[in-house]
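J.: Each chain is listed here by its residues.
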Amino acid sequence: MVTDLVLLGIFPYVAIALAIIVALYRRHSDQYTYSSLSSQFLESNKLFFGSVPWHYGIVTILIGHIIGFLIPRGVMAWNGVPLRLYILEVVALTLGLMSLFGLVVLIIRRMSDARVMAVTSKMDVLLLLLLILQAFTGVYTAMFYRWGTAWYVSAAAPYLWSIVLFSPKVGYVAQLPIMTKIHIINAWALFAIFPFSRLIHLVSLPIGYLTRQYQVVWWNRRDFQAQYELAKSNPTAYSKQVTPMGVNVNTLGKGYRSISG
Amino acid sequence: MDVRAQVSMVFHLDKCIGCHTCSIACKNIWTDRKGAEYMWWNNVETKPGTGYPTLWEDQNKYKGGWVLKNGEPRLRATDKLRGFANIFFNPYLPSLDDYYEPWTYRYEDLFDAPEGDDQPTARPISLVTGQPVNIDAGPNWDDDLSGSPVYAENDINLEGLSAQEKEQLFELERIMFFYLPRICNHCLNPGCIGACPAGAVYKRGEDGIVLISQEKCRGWRFCISGCPYKKAYYNWNAGKSEKCILCFPRLESGWPPACFHSCVGRIRYLGVVLYDADQIHDTLKTRDEDLVEAHRRIILDPFDPNVIAAARQNGIADDWIESAQKSPVYKFVKVWQIAFPLHIEFRTLPMLFYVPPLTPVVANVKGGNFDVVQDDILNSIDNARAPIRYLANMFSAGNEEVLKRGLRKMYAVRYYMRLKTVGDVSEAMVTQMLRSANMTAEEAEDIYRMTTIPTFQERFIIPPYTREYTAELFEHPYDYKARTGFGVRKSFTRRGA
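Going down the list, the protein sequences come from chains A and B. Heads up: the first sequence runs through residues 1 to 261, numbered per the numbering used here. Heads up: the second sequence runs through residues 1 to 497, numbered per the numbering used here.
Since the hints were derived computationally from the structure, they do not count as laboratory data. Predicted model, so just to flag it, every value in this text is computed and none were measured. Wrong hints could be hidden among the right ones.
Unchecked claim - Footprint (simulated), chain B over chain A, 3 or more residues, beta carbon under 8 Å:
(1) 32-41
(2) 44-56
(3) 115-129
Claimed, not checked - A few chain A positions that, by computed beta-carbon distances, are all more than 12 Å from chain B:
(4) V59
(5) I61
(6) I66
(7) P72
(8) W78
(9) L133
(10) F136
(11) P168
(12) K169
(13) Q175
(14) A187
(15) L190
(16) Y209
(17) R212
By construction, the Cβ of each residue, glycine as well, lies at the ideal position given by its N, Cα and C atoms.
Could you build all of it, start to finish, from the sequences and the hints given here?
T.: This is how it looks when you write it as structure tokens:
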């Protein structure tokens, strides 16, 4: 009981706090490391069969979890018709197996290739252990505790909402089978190590690429000239300006000022 | 008219002796680091040959650069949607084996080996894994190996050559080759910038140097696919892409880049050209065979009062305009038109130009006697040892005529000077050569001077960067003003391992 409270009621807050605070701190203090360390250059063939099924599988599954959390009633309504429930279950299980397969390939690749091993850190190993545990318990739950998409919305979704609303109700999930509970606790563990590991690349998705022009030009002096003139002509307005890219003047990224062809 | 300045370059291939001093100068300054050992921001290739990385020119393999689709330039490897779809696996990324696995030797074994019957050896070990490695490729593995069935015969520029021409090219004792030094072209329409999802690759507006912000780079590796010259490299240790920076810290202190400065053959020239950014898009839509001339049209006359006025309006300082007027690059590319971009059909509008090599047949063996060729000089372009088709595939997107116009000038200069200094050719012939090259004696003198006896100060016209403003390129001086001390230094090598 106490264990449940600690792991399902208190640990989530520690994990979320770590995820948010450390991620923001790292963004500010050390943007340089805000990505995954790609090893495709060192080994490309096996990576394809690991990375593609893993990422496409896990991203879709994650989106599914989030949808179930956001609109549980919608999911319930969808599952009201048995055929639709079967379709959803089959799709979810397929995606789960796909990501599990991809992850196994990725782990074998990393352990068997000397070049990739040379760029593997201890944190990478820990992360892979947590991920394989997560994928395994997820697929296990999907296979052996039927209609997971249905009971997720009535057990896990209210639990997650209770966490978000700062009144944790562990009871929603305390009676779930042990594999499923490991799945939930391990998910919080992944939250906790997210900002310390290569998982940080989740939030470095380059959305800006969709809207920007293909060519990028940074003008350093032009902007300087404009600032100089503003400072001369209107010192008050100048001093009230916010620095273009926030407060971190140490980064070169600050020079990102104008784009043109 | 949107006038901008570009620090631009010319390499005179007839003068390159293939000594690799440029590569070593660059390596010692910039890429002697973990993860960068395999990178050669400056490398020298033997042509015909497959180059570095192997077969880099073959865009069916690497998908670099831009192509016209429905009349609009599009990246071959990626675009906004494909960039995201392929973000988990870049399908056109060269791997380490396309370059070579960098290695060192276990030198300590020479001292520490126990006493035995055999001499101790220093085994090669990989700089990636630290394990013993069998070396089967290296930088310049094909150095001077023209005629080899492994390298030279697979050069994709041999496309379109007749079987007879190819056979001649590889016949023993007739083998022809020349060297091709390559650095980043600092293009006007860079594929690396277009392909970068993170927006980390950028062109400096003030001088056109193309750089990768190490802070913004997220290691997606699309710049490497986007660059058709394969001059962006992935640092496998840092998880960042890197490329030639044209030694901008040296330029900003008034020195030419290290590879230019150290060039033994003095083949390299550097100077500012002014160009019209408004014309870039239309130029990109030109047909392959017209690209060389369209590219030249973008480069503006720095003596034209309209250009000067527009340049000033764009904030280009007078001393930069003056620098553009003195630029040797402007003369080579625009006035004399004897320098050509490498593979303009990749449509990145490279700003590094090459004076193609002359490979005249100077002697034949006739009936067992060595015979100096004198009679057929006027046709020497068509009979040269490097088939014009081959050179045109490299330097003019297959347009032989535009290339021949440049080569005719080069030949005319040679015979003009031969008449003056040796005097064993007829004046009538030289006059005819000058006429057919459409040039004056003065122009021949100018080209002679700039290609044979230019001083350091004539080869490198470095625009005044005014060192006191350099800090502003990295730090906003007005933001910096309020801060004191040196801040926290961060290690840039903690990634990986």
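J.: Of the hints given before, which are not true for this structure?
T.: 4, 16 and 17
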